[in-house]
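Line by line, the protein sequences give chains A and B. Read left to right, the first sequence gives residues 1 to 293 (our numbering). Read left to right, the second sequence gives residues 1 to 196 (our numbering).
There could be a bad hint or two in this list.
Here are some chain B residues the structure puts well away from chain A; computed CB gaps all over 12 Å [to be verified]:
1) L14
2) E15
3) N93
4) K95
5) N100
6) S186
7) R191
8) R192
Chain B stretches covered by chain A per the calculated footprint, using a threshold of three residues with CB under 8 Å from any CB of chain A [said to hold, decoys possible]:
9) 22-28
10) 41-54
11) 59-72
12) 125-138
Hints were generated in silico from the structure; no laboratory data involved. Don't be surprised by glycine CBs; every beta carbon is placed ideally from N, CA and C.
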Amino acid sequence: MKGKDYAKRILTTVLIVLVVTAAVSAAVDKNIFTDLYTTVSKPFQQTTQAVTPDPAMQRSKEDLLRENSELHEEVNDLVSRVIDYDDIKKENEVLRKYYGIKDDHPDYKIAVATVIRRDPNDDFYGFTIDKGSRDDVKKGDPVINDGGLVGWVSEVSVTTSRVTTLLSPEAKVGAMDQKTHDSGIATGSTHFCDEGELILSVISADNKIKADDIVITTGVGGVYPAGIVVGKVTKLDYNEYDTTPYAVIKPYTDLRTISDVVVITSFEGQGIIEEADTSSDKASSDSSTASKN
Amino acid sequence: MIQRKYYRYALYALELFVLYLIEGTPGLIPVIYLAKPLLLVSLAVSAAAFELPYFSLFFGIACGIVIDIGTGGVMGLSSMILGFICYFESSWNDKYIKNNIYLILLYSAVSAAAVVGLKFFVFCFIRQYGGEAELFREHYVTRMVYTWAVTPLVYALTMLVSKSFTKEKRKIKVRKRKRVPPSQRSSASRRRAKRA
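With the hints as extra help, turn the sequences into a complete structure.
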């Protein structure tokens with residue numbers, strides 16, 4: 001009898017301890033028993049894990065080879081996807097960059113192009129782009145990028161076009177100082193082309209152009225749209241032979257290393273010679289006739 | 001069976017195409033003193049060292065046309081010069097002086113100077129951009145020198161192409177006649193010697 005009472009007492013005590021433990025563990029966030037258990041068991045767990053062979057090693061050689069080839073295929077697939085992703089990402093970035101241009105000038109029809117060739121025989125950093133007559137590119141179309149005017153299309157084939165940059169002395173772009181409205185002709189110079197700069201020539205002697213002024217296109221002549229940035233004035237100087245003033249312009253993008261551009265295939269006022277230009281031409285022809293007389 | 005020379009011609013054409021791509025690809029060839037080499041000039045001169053005059057003439061013209069296409073503008077300037085130089089190089093090789101690397105370097109220097117110099121004359125000197133001397137010194141001279149400097153590399157490549165598809169001439173063995181002393185000669189041969 002005495003032994004039965006003893007057993008009952010032990011069972012009751014254990015039950016009470018368990019109930020208390022359950023109550024405590026439910027009430028308290030941090031379970032001391034779990035912590036204690038995991039702390040004690042962790043080294044053993046690690047040991048057993050270390051000595052137990054890897055389940056992968058237990059498989060047959062054929063299984064492993066098959067899995068290996070599958071993984072190889074998967075890796076190749078992922079690599080090609082990554083390459084595609086990079087291409088698409090790059091294209092997306094370029095399109096996004098030029099989306100602003102289209103947004104600002106809804107009248108522009110543009111073709112985004114990439115520089116595919118720079119000929120070693122070109123002195124003024126001209127290049128070939130991957131867009132041609134198939135993409136509505138025509139000879140004389142202006143070429144720009146996010147930094148401003150780059151040049152014009154000088155030759156067109158079906159799939160490619162040749163672009164002459166503003167660094168070429170053949171470039172003659174009607175341009176003006178955005179702040180002072182002093183106008184002139186932006187053209188390349190053999191002296192400045194290697195620094196990636198051009199000059200604003202035929203400016204008046206009493207011009208108010210200063211360094212850091214922004215030069216934009218006038219749009220006169222209908223070859224280039226008005227308001228396209230040509231560059232920033234870096235200095236004013238005088239021609240050493242005839243002392244006429246000129247301003248040195250630095251384009252916002254380095255035209256010598258440019259890699260993607262936009263061809264404006266159509267814009268409002270393209271090919272239309274403005275009245276001011278016509279009247280000035282008329283005036284100049286009139287004056288020349290007068291001087292002849 | 002297609003002759004070996006046609007394989008060789010096809011490889012020259014491939015070499016022309018590849019070098020054209022290499023020289024025009026932005027950033028592939030380092031720019032030294034604002035210049036990049038005209039690899040096709042070196043190629044035309046190198047190929048002429050191994051080929052017959054007429055092929056050299058046509059290949060020179062082809063290289064020149066491709067150079068003119070790349071440059072844009074007047075077509076036929078470079079082809080005229082290269083065709084002419086390659087034809088003479090190949091003819092002289094046949095008749096007078098065997099080509100070697102030093103001679104190729106000389107031809108290369110002449111071709112580079114002629115092609116680049118004529119381009120300068122037509123595109124810059126006549127158009128009077130201003131600052132021609134500066135332009136010539138900083139762009140054209142370096143371009144000539146760079147073109148000349150890469151010639152040995154292009155020559156080595158072309159030689160490889162040429163040698164791999166050229167039939168080696170068989171060595172003809174000449175039997176030497178044994179000299180027979182007069183005492184051992186036959187009576188007939190003695191009579192022939194007497195008559196002589």
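Hints broken by the structure, by number, lowest first? Of the numbered hints, just 10 does not hold.
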